[in-house]
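Line by line, the protein sequences give chains S and Z. If you read the first sequence in my numbering, its first letter stands for residue 55, the second for the next number, and so on. If you read the second sequence in my numbering, its first letter stands for residue -4, the second for the next number, and so on.
Incorrect hints may appear among the rest.
The list that follows gives simulated cross-link-like pairs (lysine to any residue, SDA-like), each with its CA atoms no further than 20 Å apart [said to hold, decoys possible]:
(1) Z:Lys1 <-> Z:Thr17
(2) S:Lys100 <-> S:Lys112
(3) S:Lys100 <-> Z:Asn96
(4) S:Lys100 <-> Z:Phe78
(5) S:Lys238 <-> S:Ser143
(6) Z:Lys330 <-> S:Lys221
(7) Z:Lys343 <-> S:Arg279
(8) S:Lys89 <-> Z:Ala95
(9) S:Lys112 <-> Z:Ser73
(10) S:Lys135 <-> Z:Asn96
(11) Z:Lys330 <-> S:Arg95
(12) Z:Lys97 <-> S:Val132
(13) S:Lys104 <-> Z:Val326
(14) S:Lys112 <-> Z:Gly74
(15) S:Lys221 <-> S:Asp77
(16) S:Lys104 <-> Z:Ala95
(17) S:Lys104 <-> Z:Lys97
(18) S:Lys104 <-> Z:Gly74
(19) Z:Lys3 <-> Z:Gly31
(20) S:Lys89 <-> Z:Arg282
(21) Z:Lys97 <-> S:Leu129
(22) Z:Lys340 <-> S:Asp87
(23) S:Lys112 <-> Z:Glu53
(24) Z:Lys343 <-> S:Trp83
(25) Z:Lys142 <-> S:Ser143
(26) S:Lys89 <-> Z:Tyr328
(27) Z:Lys202 <-> Z:Ile242
(28) Z:Lys330 <-> S:Tyr158
(29) S:Lys100 <-> Z:Pro327
(30) S:Lys227 <-> S:Gly185
(31) Z:Lys202 <-> Z:Arg282
(32) Z:Lys343 <-> S:Leu88
(33) Z:Lys330 <-> S:Asp91
(34) S:Lys135 <-> Z:Glu22
(35) S:Lys104 <-> Z:Glu22
(36) Z:Lys340 <-> S:Leu88
(37) S:Lys112 <-> Z:Ala24
(38) Z:Lys330 <-> S:Val57
(39) S:Lys89 <-> Z:Lys97
Just so you know, the hints here were simulated from the structure itself, not pulled from any lab data.
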Amino acid sequence: MAVQAFDLAERLQTPVFVMSDLDIGMNDWMCPDLKWDDGYRPDRGKVLSKEEIEALPKFHRYLDKDDDGIPYRTLPGVSPKGAYFTRGSGHNQYGGYTEDATEYQVVLDRLASKFRRARTLVPSPVIEATGTSDVGLVAIGSSRGAVNEARDILAKRGIPIDYMRIKAFPFTKEVDGFLASHEKIFVVEQNRDAQLRSLLTLETDVPKSKLHSILHYNGLPMTSRGIVEAVLAELGDAKRAALA
Amino acid sequence: MSFINKPKVRHPDLPTNELGLTRRDYEGAMSTLCAGCGHDSVTASIIEALWGLSLRPEQLVKLSGIGCSSKTTAYFASGAHGFNGVHGRMPSVATGANAANKDLHYIGVSGDGDSLSIGFGQFAHAIRRNVNMLYLCENNGVYGLTKGQFSASADIGTKSKKGEENLQAPVDPCLAALSLGGTFIARSFSGDKEQLVPLIQAGLMHKGFAMIDIISPCVTFNDHVGSTKSYTFTREHYHEAVHADYIPPRQEITASYAEGEVLPVQMHDGSRMLLRKLDKDYDPTHRGKAFEYLRTRLREGEHVTGLIFVSESTPDMHDMAGTTDVPLNQVPYEKLHPGAAGLAKILKRYA
Chain S
55 MAVQAFDLAE RLQTPVFVMS DLDIGMNDWM CPDLKWDDGY RPDRGKVLSK EEIEALPKFH
115 RYLDKDDDGI PYRTLPGVSP KGAYFTRGSG HNQYGGYTED ATEYQVVLDR LASKFRRART
175 LVPSPVIEAT GTSDVGLVAI GSSRGAVNEA RDILAKRGIP IDYMRIKAFP FTKEVDGFLA
235 SHEKIFVVEQ NRDAQLRSLL TLETDVPKSK LHSILHYNGL PMTSRGIVEA VLAELGDAKR
295 AALA
Chain Z
-4 MSFINKPKVR HPDLPTNELG LTRRDYEGAM STLCAGCGHD SVTASIIEAL WGLSLRPEQL
56 VKLSGIGCSS KTTAYFASGA HGFNGVHGRM PSVATGANAA NKDLHYIGVS GDGDSLSIGF
116 GQFAHAIRRN VNMLYLCENN GVYGLTKGQF SASADIGTKS KKGEENLQAP VDPCLAALSL
176 GGTFIARSFS GDKEQLVPLI QAGLMHKGFA MIDIISPCVT FNDHVGSTKS YTFTREHYHE
236 AVHADYIPPR QEITASYAEG EVLPVQMHDG SRMLLRKLDK DYDPTHRGKA FEYLRTRLRE
296 GEHVTGLIFV SESTPDMHDM AGTTDVPLNQ VPYEKLHPGA AGLAKILKRY A
C-alpha cells in the first residue's frame, strides 16, 4: 500500500493519505509471507530532465500540456531554467503570482480534472460476487475477517451476499457498478455517523433507499455476530421463516 | 511600496563574481513589503552574500513559512527553486529536501511569529538534528502580516501600536538555540550590512544548522516609542560582542591582527571564519558562558549581537544518519533497493 501510495503521490503530484487502523497497526496478525516483485520500478511521475528543461523556451510549472490535469515539475539543482517558486498565494498556470479571478479559476478547474483522472488510477475495490445475489455488502479495511465470517454463516443459511471492499477514494467506476447491480446494500462501518454511507450518497447516484447501515462503534474490533444479526433483522421475518 | 519594476538593464561596469554573474543575477521579483521594511534590507544582504560566495543560483533552495519575512524568498535569487510552505512548517520541508539532496545550499527564511509560536516545535527539532541549512529569523516583535499583534519575542513592558502592554516573557531565539544544542548561533540587525553579510556567508558554509536572529524592524506596526525592536532602540541598545569575518577557501588573509585579537575557526570546506572579540570577556566557543553573558548584559539593558556561538565539530544530520556521499536522490534504484532476497532475509529474523 505504501508503495502504491508513493507512486500515486508522484504521478498525481498530490498528497495521498494511507488509512489503516489501530487493530492492524498495533496487534499481532497472522498473514502469508510478504513478497516483493523485483521487476517493480517506482513511478516518479512527470519530472523533466536537464535536457528537456533546456530545450524549452521557458518552463511553466502549472501548465497542463498533455491535457491530463497533471503538469510537469523540475527538481532543484538541475538547471536554473527549471527554477520556480511554489507560492502560498494565488498563482496562474504559468506559476506566476496572480490576483486575477479568471486565471485563478483556470488552476482550480485543472485540479478538478486531475481529481477526476485520479478515479482511474487509484486502487479498484475487491469484489467477491456470486453473480446470483441481489444483496450486497460494502465495507473497508480490517473488518474483512468479520465480514467474510458473517457471509459464510449467512450463505450456509441460504442467504448469499456479495461483498465489495472499497480500497480508495475517489471511488472508481467499479463502485458505481456494484451499487447499481444490487437491490439492497448493507454498508458496514466502524463509524457512529455512517460516514462511508454519506460518502457513497454524495459521490455516486445510488438511491439512498438501497443503502442500509450496519454500524459498529464500541471501540473494539467488529464481530461477525453483529453483522449476521443485523442482516437477519433487516431481511425480515419472511427470510427467517424460510431458514427455520 | 514600489510600483515600478527595476528595468532589466545592466551597467557595463557592474562587478562580476567568479561565475561572471553580477549582483543583479541574484535578484528576484519586486518586493511588495512596506517602504522602509527591515526585511528588504535583509534581502539586500542575502543578495550581496550570495553574489560574494559565487554560488550558482540553481544550487540554492529557498524555503519559507508564512509571514512578511516568509514572502521575501520570492524577492531574491529567481534562478533558485523556492517553496513557501504553511505556517511554522518550513523546517520539516527543509529537512526532507536536505535528506534527498545534501549537496544543495538551503536557506530558510522565517520570522519571530513563524518560528517562535506555531513553528516552535519544528524549529527546536531542526536544531537538534543539526540540519545543514541557514535559518534566518527576521525578528520584529510582532505578527506583521496580520497587523501588529505581539509575537513571542516581544519584551516585557513593550507597548503595541495601540498602547497595549505585553506582560509575557519573551522567547530569545539565541538563548533557545543555545539550550537546544545549536551549532552556529548569531544575532544581527537588518540595518547593519557590514555585520550581516559575512554572517550569512559563514552560516551558509557552516556544516550544520546556522541560525541568525536578525532584528528587522516593522515600520508599520512596531517602530514606535515603547518598542524594543524599533530602529531607534536597536541602534542604541544592541551591541556586537564578536565580529565574524568570512574568508573563502582560496582567499588569503591580508589584514594583520595582533596576537590574541582574532580567533580563527576552520570550516569544513576549507574556508575560515575570523572572530574578533569586541568584548574580551566573551567566549563564543563555550555554550554555558555564552548563555550567561547574554543574560547578564540583558539585565543591564544591552542586547548582544554578533556570532554568539559556533561549533564546527558537531556532526550534522547526514553524519548522524550515516548516509552516502552521493546525494540520496542520485543513488540508482538498483543500489537503493535490497530486493526480494533482502526481504526474505528480514523475514527470517522473525521465523
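Results for each hint:
Restraint check for lysine 1 of chain Z and threonine 17 of chain Z: satisfied, since their Cα atoms lie roughly 15 Å apart, inside the 20 Å limit. Proximity of lysine 100 of chain S to lysine 112 of chain S is assessed by CA-CA distance (about 17 Å); at most 20 Å being required, the pair is judged to hold. At most 20 Å may separate the alpha-carbon atoms for a hinted pair to count; lysine 100 of chain S and asparagine 96 of chain Z meet this at roughly 19 Å. The straight-line distance between the Cα atoms of lysine 100 of chain S and phenylalanine 78 of chain Z is roughly 19 Å, inside the 20 Å bound, and the hint therefore holds.
This hinted pair does not check out: lysine 238 of chain S and serine 143 of chain S have alpha carbons roughly 47 Å apart, beyond 20 Å. With a C-alpha separation of about 32 Å, the suggested pairing of lysine 330 of chain Z with lysine 221 of chain S is violated against the 20 Å cut-off. The straight-line distance between the Cα atoms of lysine 343 of chain Z and arginine 279 of chain S is roughly 37 Å, outside the 20 Å bound, and the hint therefore fails. At most 20 Å may separate the alpha-carbon atoms for a hinted pair to count; lysine 89 of chain S and alanine 95 of chain Z exceed this at roughly 27 Å.
Under the criterion of a C-alpha separation no larger than 20 Å, the hint pairing lysine 112 of chain S with serine 73 of chain Z is consistent with the structure, at around 14 Å. Taken as a hint, the lysine 135 of chain S and asparagine 96 of chain Z pair is honoured in the structure, with Cα atoms around 19 Å apart against an allowance of 20 Å. About 13 Å separates the Cα atoms of lysine 330 of chain Z and arginine 95 of chain S, which keeps this hinted pair within 20 Å; it holds. For a cut-off of 20 Å, the pair hint linking lysine 97 of chain Z to valine 132 of chain S stands: about 14 Å separates their Cα positions.
Among the hinted pairs, lysine 104 of chain S with valine 326 of chain Z is consistent with the structure: their alpha-carbon atoms are about 17 Å apart, no more than 20 Å. Distance hint between lysine 112 of chain S and glycine 74 of chain Z is fulfilled; the C-alpha atoms sit about 12 Å from each other, no more than 20 Å. Restraint check for lysine 221 of chain S and aspartate 77 of chain S: satisfied, since their Cα atoms lie roughly 17 Å apart, inside the 20 Å limit. A C-alpha spacing of about 18 Å is found between lysine 104 of chain S and alanine 95 of chain Z, which places the hinted pair at or below 20 Å, so the restraint holds.
With a C-alpha separation of about 19 Å, the suggested pair lysine 104 of chain S and lysine 97 of chain Z falls inside the 20 Å cut-off, and the hint holds. A threshold of 20 Å between alpha carbons decides the hint, and for lysine 104 of chain S with glycine 74 of chain Z the separation of about 15 Å falls inside it, so the pair holds. With a C-alpha separation of about 23 Å, the suggested pair lysine 3 of chain Z and glycine 31 of chain Z falls outside the 20 Å cut-off, and the hint is violated. Straight-line distance between C-alpha atoms of lysine 89 of chain S and arginine 282 of chain Z comes to about 51 Å, which puts the hinted pair past the 20 Å bound.
Using a Cα cut-off of 20 Å, the hinted pair lysine 97 of chain Z and leucine 129 of chain S holds, with the two alpha carbons roughly 13 Å apart. Distance check on the hinted pair: lysine 340 of chain Z and aspartate 87 of chain S sit about 12 Å apart at the alpha-carbon level, within 20 Å; holds. Taking the CA atoms of lysine 112 of chain S and glutamate 53 of chain Z, the gap is near 15 Å; set against the 20 Å cutoff, the hint holds. Annotation: proposed proximity of lysine 343 of chain Z to tryptophan 83 of chain S holds, straight-line Cα distance about 17 Å (limit 20 Å).
With a C-alpha separation of about 18 Å, the suggested pairing of lysine 142 of chain Z with serine 143 of chain S holds against the 20 Å cut-off. Of the supplied pair hints, the one linking lysine 89 of chain S and tyrosine 328 of chain Z holds, its CA atoms being roughly 18 Å apart against a limit of 20 Å. A threshold of 20 Å between alpha carbons decides the hint, and for lysine 202 of chain Z with isoleucine 242 of chain Z the separation of about 15 Å falls inside it, so the pair holds. Between lysine 330 of chain Z and tyrosine 158 of chain S the alpha-carbon distance is near 43 Å, which puts this suggested pair outside the 20 Å criterion.
Between the alpha carbons of lysine 100 of chain S and proline 327 of chain Z the distance comes to roughly 18 Å, so the proposed pair stays at or under 20 Å and holds. For the hint linking lysine 227 of chain S to glycine 185 of chain S, the alpha-carbon distance of about 18 Å falls within 20 Å, and the restraint holds. Proximity of lysine 202 of chain Z to arginine 282 of chain Z is assessed by CA-CA distance (about 18 Å); at most 20 Å being required, the pair is judged to hold. The straight-line distance between the Cα atoms of lysine 343 of chain Z and leucine 88 of chain S is roughly 11 Å, inside the 20 Å bound, and the hint therefore holds.
Distance hint between lysine 330 of chain Z and aspartate 91 of chain S is fulfilled; the C-alpha atoms sit about 16 Å from each other, no more than 20 Å. Between lysine 135 of chain S and glutamate 22 of chain Z, the direct Cα distance comes to roughly 15 Å. Compliance with the 20 Å bound is thereby established for this hinted pair. Pair hint lysine 104 of chain S plus glutamate 22 of chain Z does not hold up; C-alpha atoms about 23 Å apart against a cutoff of 20 Å. Distance hint between lysine 340 of chain Z and leucine 88 of chain S is fulfilled; the C-alpha atoms sit about 11 Å from each other, no more than 20 Å.
This hinted pair checks out: lysine 112 of chain S and alanine 24 of chain Z have alpha carbons roughly 17 Å apart, not beyond 20 Å. Note on lysine 330 of chain Z and valine 57 of chain S: the hinted pairing holds, with a Cα-Cα distance of about 17 Å set against a maximum of 20 Å. Annotation: proposed proximity of lysine 89 of chain S to lysine 97 of chain Z is violated, straight-line Cα distance about 32 Å (limit 20 Å).
In the structure shown, a violation is registered for the earlier hints numbered 5, 6, 7, 8, 19, 20, 28, 35, 39, in ascending order.
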